[in-house]
Amino acid sequence: MKQLYDRILAIRGSLITIRTKKAGLGELALVEKANGTSTLASVVRFDEDLASLQVFESTRGISTGDQVSFLGKSMTASFSGKLLGRRLSGKGDPIDDGPAIVGEEVEVGRPSFNPINRTVPKSQVRTNIPMIDVFNCLVKSQKIPIFSTAGEPYNELLMRIANQTDADVVIIGGMGLRFDDYQAFIDNADTSGSMQKTVMFIHKATDPLVECLLVPDMALAVAENFAREGKDVLVLLTDMSAFADAIKEIAITMDQIPSNRGYPGSLYSDLASRYEKAVEMSGSGSITLLSVTTMPGGDVTHPIPDNTGYITEGQFYLEGGRINPFGSLSRLKQQVIGKVTREDHNDLANTMIRLYADSKKANERKSMGFKLSKWDQKLLRFSGLFEENMMNLRVNISVEEALNLGWQLLSDCFLVSEIGMKKAFTDKYWPKEK
Amino acid sequence: MMDTGLRIIDTQFPLVKGGTFCSPGPFGAGKTVLQHHLSKYSSVDIVVIVACGERAGEVVEVLETFPELIDQKTGLSLMERTVMICNTSSMPVAAREASVYMGTSIAEYYRQMGLDVLLLADSTSRWAQAMREMSGRLEEIPGEEAFPAYLASRIAAFYERAGVIELKETAGEKKKTGSLVIGGTVSPAGGNFEEPVTQATLSVVGAFLALSRERSDARRYPAIDPLISWTKYQEVVGSSLEKKLPQWTHFVQMAKSMLVAGDEIAKRMEVVGEEGISMQDIITYLKSEVYEIGYLQQNAFDKEDAFCPLPRQIDLFALMQKIFSGDFSFKSHDDARVFFLDLQNRIKNLNYLPYQSEKYTKALEAIQAILKEHLEQCLEAHV
Numbered sequence: 009m010k011q012l013y014d015r016i017l018a019i020r021g022s023l024i025t026i027r028t029k030k031a032g033l034g035e036l037a038l039v040e041k042a043n044g045t046s047t048l049a050s051v052v053r054f055d056e057d058l059a060s061l062q063v064f065e066s067t068r069g070i071s072t073g074d075q076v077s078f079l080g081k082s083m084t085a086s087f088s089g090k091l092l093g094r095r096l097s098g099k100g101d102p103i104d105d106g107p108a109i110v111g112e113e114v115e116v117g118r119p120s121f122n123p124i125n126r127t128v129p130k131s132q133v134r135t136n137i138p139m140i141d142v143f144n145c146l147v148k149s150q151k152i153p154i155f156s157t158a159g160e161p162y163n164e165l166l167m168r169i170a171n172q173t174d175a176d177v178v179i180i181g182g183m184g185l186r187f188d189d190y191q192a193f194i195d196n197a198d199t200s201g202s203m204q205k206t207v208m209f210i211h212k213a214t215d216p217l218v219e220c221l222l223v224p225d226m227a228l229a230v231a232e233n234f235a236r237e238g239k240d241v242l243v244l245l246t247d248m249s250a251f252a253d254a255i256k257e258i259a260i261t262m263d264q265i266p267s268n269r270g271y272p273g274s275l276y277s278d279l280a281s282r283y284e285k286a287v288e289m290s291g292s293g294s295i296t297l298l299s300v301t302t303m304p305g306g307d308v309t310h311p312i313p314d315n316t317g318y319i320t321e322g323q324f325y326l327e328g329g330r331i332n333p334f335g336s337l338s339r340l341k342q343q344v345i346g347k348v349t350r351e352d353h354n355d356l357a358n359t360m361i362r363l364y365a366d367s368k369k370a371n372e373r374k375s376m377g378f379k380l381s382k383w384d385q386k387l388l389r390f391s392g393l394f395e396e397n398m399m400n401l402r403v404n405i406s407v408e409e410a411l412n413l414g415w416q417l418l419s420d421c422f423l424v425s426e427i428g429m430k431k432a433f434t435d436k437y438w439p440k441e442k
Numbered sequence: 408m409m410d411t412g413l414r415i416i417d418t419q420f421p422l423v424k425g426g427t428f429c430s431p432g433p434f435g436a437g438k439t440v441l442q443h444h445l446s447k448y449s450s451v452d453i454v455v456i457v458a459c460g461e462r463a464g465e466v467v468e469v470l471e472t473f474p475e476l477i478d479q480k481t482g483l484s485l486m487e488r489t490v491m492i493c494n495t496s497s498m499p500v501a502a503r504e505a506s507v508y509m510g511t512s513i514a515e516y517y518r519q520m521g522l523d524v525l526l527l528a529d530s531t532s533r534w535a536q537a538m539r540e541m542s543g544r545l546e547e548i549p550g551e552e553a554f555p556a557y558l559a560s561r562i563a564a565f566y567e568r569a570g571v572i573e574l575k576e577t578a579g580e581k582k583k584t585g586s587l588v589i590g591g592t593v594s595p596a597g598g599n600f601e602e603p604v605t606q607a608t609l610s611v612v613g614a615f616l617a618l619s620r621e622r623s624d625a626r627r628y629p630a631i632d633p634l635i636s637w638t639k640y641q642e643v644v645g646s647s648l649e650k651k652l653p654q655w656t657h658f659v660q661m662a663k664s665m666l667v668a669g670d671e672i673a674k675r676m677e678v679v680g681e682e683g684i685s686m687q688d689i690i691t692y693l694k695s696e697v698y699e700i701g702y703l704q705q706n707a708f709d710k711e712d713a714f715c716p717l718p719r720q721i722d723l724f725a726l727m728q729k730i731f732s733g734d735f736s737f738k739s740h741d742d743a744r745v746f747f748l749d750l751q752n753r754i755k756n757l758n759y760l761p762y763q764s765e766k767y768t769k770a771l772e773a774i775q776a777i778l779k780e781h782l783e784q785c786l787e788a789h790v
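Chain order of the listed sequences is Y and W. Just add 8 to wherever you are in the first sequence, counting from 1, and you've got the working numbering. Just add 407 to wherever you are in the second sequence, counting from 1, and you've got the working numbering.
Take the hints with a grain of salt, since some may be wrong.
[Said to hold, decoys possible] As a list, the in silico DSBU-like pairs of lysine-lysine whose alpha-carbon atoms are at most 35 angstroms apart:
| id | chain 1 | residue 1 | chain 2 | residue 2 |
| --- | --- | --- | --- | --- |
| 1 | Y | K379 | Y | K347 |
| 2 | Y | K347 | W | K766 |
| 3 | W | K447 | Y | K347 |
| 4 | Y | K369 | W | K663 |
| 5 | W | K755 | Y | K130 |
| 6 | W | K710 | W | K650 |
| 7 | W | K651 | W | K581 |
| 8 | Y | K347 | Y | K81 |
| 9 | W | K755 | Y | K382 |
If you are wondering where the hints come from, they were derived from the structure by calculation, not from laboratory data.
Construct the complete structure from the given sequences, taking the supplied hints into account.
Structure representation (structure tokens):
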């Protein structure tokens, strides 16, 4: 028999408190408001016979006499193949004026895959962005954030990757999105024709905060089900800093003791339980997770990027509209470079980075007014060409083309004896004089 | 002594059976690569790996590669001597706090059997964070950076479980000893060592292998920073190695001061340019670079260089001694640079050759001949 609770004892932030002895942690409840509408809430804490529930909407309009009833289940996402092409809110409700989603109810926030059911990833995800494909390959099942600051074109970068990837399904989780960003994601999917393989879970900046917390869980629960069906899924989460800030806000409302800059001590675990969903299942599909972390004040030691860096398998730095080759790192690139890609890949990439680093020093010498040697001038010429033809995010070429271009740039600027590469490679790939 | 096959550890910052060490470093500096190396090559009987709050992918790598690798001592699969406690970052926090104790208890069990055991905890910061998370939930009054006040004593109690024990004599057997080494990685927030977990760990461990971002960015692997790392086991190990190579400790100390001087000269050179440096200084700097690149650095992906057994280290260190104490002189800075760069390259290539193979012996002799010839020339010039 369903039990109704008609007394809300306290309302604070997005939390309401009722007196009950029959509720489970994480259990969903329905709050029926006086104006006839209703909203969902889930149990987050007990204190003797008091239960605190997190309301999935604004608590505005809830009154102490509203009726609360428990549903006997925890948060679920509806999963079916019909999700493709749809846009949903953090709660899983359609926000594209389409019909309701009917499908299998899957629990969100399940434990991630046991290591013994995983395999070591070995295939490359092609993005056609040379700074990623050549220097820091994205590997299937990798979890990697883009460290950036507000104002950088990180969403544009995500869209490009979403358009060009060979993944079967793309799931976009937007947190704290401004309306124009949201619209840009829709327009992009429409124009590029990738809508039919895309699912969006969107929390706009004006939506209730709690939905922001649900977006990654929803997106990843759906991703997991697609992956179980043998699909290669790419999950794009933007922006994880909004997610971490939502955690902070809720934790402080719940009187949790803050540990670092107001974030709860569980920040690492909270982020990890989402990122660790990235997986290459043995004998089935995969989840690749690319996220955006905006660093407050560009500070990489801030708790959000810092904790993220310890969890993820590398990071891309997006600075000044370009992916910075210094600091960016893909921990899994050794799995594919030269094994899946061409043999000269590793040597060529390292040589270019080394010369580009040298050119930075030459640039310093130039700005300090030192006399430039011939070698310095060569380096400066190389750095100009490198920035224009490789680092520029508009460049859109396959990894093979990018490698050939790399050889071309080197031969334009240097003599074959100057770059110090293995002879076997220079013999084979050094462009011949015309 | 517990040899690891890493020259920078065995020579410069040696570890002993029954000792403790920690290796803090920012993300991307190679903490896990170092742990994997130690778990593969350390001269112990049993390795217990506690994957405490780290990536699942790293556990998968161990699970897939270790059964394929052969333990050089026993000829069995490496997995046969490995125990893994797995609590990856997405697993429950309460179990994370327990995981290091679980690992230690298992390690102690093997030690009681008279075996040499190595316990690697990757990473103790996650363990400390788990304590913080639980303490916060219990609404205990937070200490520094919200870690519980008992953090330091818990860390001390953990590392103090390492040590050598003498077992009771059993009938028909001689007195046996068992040992346990505890090594923990620390992942300090923002790579800053001035934080509670690193500081509490430093006051209780016997060796400190600091990994630095600058070194890993410069691709100088293993990225253990010789300028700030230290060990308390130098004398114990030194006195036993001196039987094989006289004046071992003296030269290790000399190497360290050479590195400090080299670093200082390099900084000076950035300001005043190479012309402003005296010949003596440039030679010191170049010698430190030879030691750095030819000795301390090791290529983990090269079959030969990844593991450098102790006898080979002794041979190479003997060569280094000659270079350190050599009285070189050159006409110009460029001459000195050319000479030492050549030397450096030769030694680097020597490291890639199989030990005591024909090629190796030839290459070594060639290097010794070059050194001898040059030093004799210098001597004549002086006379």
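Here is what the structure says about each hint:
no.: 1; hint: Y:K379 <-> Y:K347; result: 43 angstroms, violated
no.: 2; hint: Y:K347 <-> W:K766; result: 29 angstroms, holds
no.: 3; hint: W:K447 <-> Y:K347; result: 24 angstroms, holds
no.: 4; hint: Y:K369 <-> W:K663; result: 29 angstroms, holds
no.: 5; hint: W:K755 <-> Y:K130; result: 31 angstroms, holds
no.: 6; hint: W:K710 <-> W:K650; result: 30 angstroms, holds
no.: 7; hint: W:K651 <-> W:K581; result: 28 angstroms, holds
no.: 8; hint: Y:K347 <-> Y:K81; result: 47 angstroms, violated
no.: 9; hint: W:K755 <-> Y:K382; result: 29 angstroms, holds
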